[in-house]
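Novice: Chain residues, written in single-letter form:
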Amino acid sequence: MTLPAPLLDIENLEVTFRTEENSVTPVRGVSLRVDAGRTTALVGESGSGKSVTSLAVMGLLPRPAGSISAGAIRFRMKSGETSNLASLAPDVMQRLRGSEIAMIFQEPMTSLNPVLTVGEQIAEQVRYHTGMNASAAMRRAEEMLGLVEIPDAVRRATEYPHQMSGGMRQRVMIALAMSCNPRLLIADEPTTALDVTIQAQILALIDRLRKEHEMGVLFITHNLGVVAEVADDVTVMYAGEVVESADVRTLFRNPRHPYTQALINCLPARALPGADGRRVVRSIPGAVASAAGVSGCKFAPRCAHTLAACHVSHPALETIDGGQTIRCCRWRDL
Amino acid sequence: MLVNIARRLAAMLAVMFIVATMVFFLTRLAPGDPASLMLGDQATAADVAQLRKTFGLDQPLIVQYVLWLKEVASGNLGQSIFLQRPVLQAIGERAEPTFFLALFSILIAAVIGIPAGIASAVWRGRHADQVASGLAMLAASIPSFWLGLLFMQFFAVRLGWFPVAGYGDPGAGLVQRLYHLVLPATVLGIVNSALITRFTRASMLDVLSEDYVRTARAKGLPEHRIILRHALGNTLVPIITVVGLTAALLIGGAIITETVFGLPGIGNLVVSAVLRRDYPVIQGALIVIAGIYVIINFAIDVIYTLVDPRVKT
Numbered sequence: 001m002t003l004p005a006p007l008l009d010i011e012n013l014e015v016t017f018r019t020e021e022n023s024v025t026p027v028r029g030v031s032l033r034v035d036a037g038r039t040t041a042l043v044g045e046s047g048s049g050k051s052v053t054s055l056a057v058m059g060l061l062p063r064p065a066g067s068i069s070a071g072a073i074r075f076r077m078k079s080g081e082t083s084n085l086a087s088l089a090p091d092v093m094q095r096l097r098g099s100e101i102a103m104i105f106q107e108p109m110t111s112l113n114p115v116l117t118v119g120e121q122i123a124e125q126v127r128y129h130t131g132m133n134a135s136a137a138m139r140r141a142e143e144m145l146g147l148v149e150i151p152d153a154v155r156r157a158t159e160y161p162h163q164m165s166g167g168m169r170q171r172v173m174i175a176l177a178m179s180c181n182p183r184l185l186i187a188d189e190p191t192t193a194l195d196v197t198i199q200a201q202i203l204a205l206i207d208r209l210r211k212e213h214e215m216g217v218l219f220i221t222h223n224l225g226v227v228a229e230v231a232d233d234v235t236v237m238y239a240g241e242v243v244e245s246a247d248v249r250t251l252f253r254n255p256r257h258p259y260t261q262a263l264i265n266c267l268p269a270r271a272l273p274g275a276d277g278r279r280v281v282r283s284i285p286g287a288v289a290s291a292a293g294v295s296g297c298k299f300a301p302r303c304a305h306t307l308a309a310c311h312v313s314h315p316a317l318e319t320i321d322g323g324q325t326i327r328c329c330r331w332r333d334l
Numbered sequence: 001m002l003v004n005i006a007r008r009l010a011a012m013l014a015v016m017f018i019v020a021t022m023v024f025f026l027t028r029l030a031p032g033d034p035a036s037l038m039l040g041d042q043a044t045a046a047d048v049a050q051l052r053k054t055f056g057l058d059q060p061l062i063v064q065y066v067l068w069l070k071e072v073a074s075g076n077l078g079q080s081i082f083l084q085r086p087v088l089q090a091i092g093e094r095a096e097p098t099f100f101l102a103l104f105s106i107l108i109a110a111v112i113g114i115p116a117g118i119a120s121a122v123w124r125g126r127h128a129d130q131v132a133s134g135l136a137m138l139a140a141s142i143p144s145f146w147l148g149l150l151f152m153q154f155f156a157v158r159l160g161w162f163p164v165a166g167y168g169d170p171g172a173g174l175v176q177r178l179y180h181l182v183l184p185a186t187v188l189g190i191v192n193s194a195l196i197t198r199f200t201r202a203s204m205l206d207v208l209s210e211d212y213v214r215t216a217r218a219k220g221l222p223e224h225r226i227i228l229r230h231a232l233g234n235t236l237v238p239i240i241t242v243v244g245l246t247a248a249l250l251i252g253g254a255i256i257t258e259t260v261f262g263l264p265g266i267g268n269l270v271v272s273a274v275l276r277r278d279y280p281v282i283q284g285a286l287i288v289i290a291g292i293y294v295i296i297n298f299a300i301d302v303i304y305t306l307v308d309p310r311v312k313t
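Protein chains in written order, with the numbering used here: chain R, 1 to 334; chain Y, 1 to 313.
Source of the hints: derived by calculation from the structure; they are not laboratory data.
No incorrect hints appear here.
One side only, chain R facing chain Y, incomplete, derived with CB under 10 Å: (1) L55; (2) M93; (3) R97; (4) N113.
Because the structure is a prediction, the values reported are computed rather than measured.
The beta-carbon is built from N, C-alpha and C at its ideal position, and this holds for glycine as well.
From just these sequences and the hints, can you work out the full model?
Specialist: What follows is the structure in structure tokens.
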């Protein structure tokens, strides 16, 4: 699948955090793309660099320690023009946030300002990016709350976050994100903190909005079940690198990287019968290696198929048939 | 809502009762006797006894207490032993300089402390933070009487910009009287700004790491708006607490500064009453100060409900 111009095209991104004593590189060699109207899931364990990657796209790496030290983040704007977000001036980047690229977060309970009404919080963004007057912006906020299926939106707009449930607040966050018609929505584990039933509603809502607005979604999650539900394309990260990417069917049917294979085998549906006959959910032995310190393949210490060469040479990300990419020196023989 | 307010009022009355009781017995614990102090060394024992009887000081302590409490409950703080007038009137005459001194001091302290605290948090670890935190430390360590003397020497004696001390000649206009407060209010403002700076800095740092500040950044808002609207709005509760409590302390506690600058305020009144064992004045002044303290605390709680929608009355 090769669409002409992706909405978001990250190439060889490297993020470095510098402190006075040392520097660490939590993300290196990350390449991924998000196409307009499609959802790319970014999958990985905690600490694999998913969130850092998303913050780099938003230009919200913690300053002054964090910075993009290599690579490009090409983004096609509403105007049709493509710019490299990695090299934009902070004030230009600031104007893109909220209007071209929006983000929703994992914690709906704490992501909204407790002392402002939800209507004010949405209207504020609309006013800042569009120059609408206060009452028009408030009407837009009410309209957005209706769009995310909050009943009685006009009255709800005057409420404070603490008067709403977690699922309701996440809807507000989505309304906020959608209020300036962004081209790209970054959703960082948006359903992890929610009940399963609410989770399904929120996923359906994001999916509906994506279709209606031809918006690209970068969906960050550690939950492969969610990936199967929402994603068109999947990028798998391990220890700060992309190890495999493919469209969702290919990835689940024919995972090439040992890490992806192991992840899929950890799904409850793939649990194996244990000694006492009860099914046991599998896990990957070991823990995520730190991005530094491993010279060869980062996954080699936990991999079941390691050869001596795996510990020595660091594999490159190769593109194979059908646009699938993989970072493993043994993908041909596995 | 109404039940809550009633409960608050009951609690305030209970506090005032405890304060009144403590004030009564603590003042009596100090050695000395107003009658003998008033009559001097030459007085005969009979004269002293006669005067004690006039003031009711010959009665058992518990009887004096009950009689006094009855009067206080009906709003009568009694008669000063030395000043020949009701205690409330004596306090009223001294209230103006104390009130304005507290008001201006707290304004100056807030105007210095809040921006310094914000700057210090926003530029944490940078030069602005080091300068602001260093100055706050300095201000907190300087005794107010010493800074008062220093200011007096420099601004009043050497430069002659402000009056050295006092509250203007009798019959001086309001502007003239307030002019006398510039130096003492600045001194108290500087000294009290330290605590406000540190409080503002600490709560601002807490808030700046909150998720909703990250959301505000993700909305693409300019940094000044994030700090002044989203972060500051959430630090108002602790800031109001510390500003309010400082104000309450200043109402009753600017005794040293009033003494240094010779201001005829309540602090001065209390000091001279203590020296003369003028029990009714000490008791009355302390009760009024405690009452103001309680009322300011209540006001702080009411303001909370205005700045933070999560707080219920």
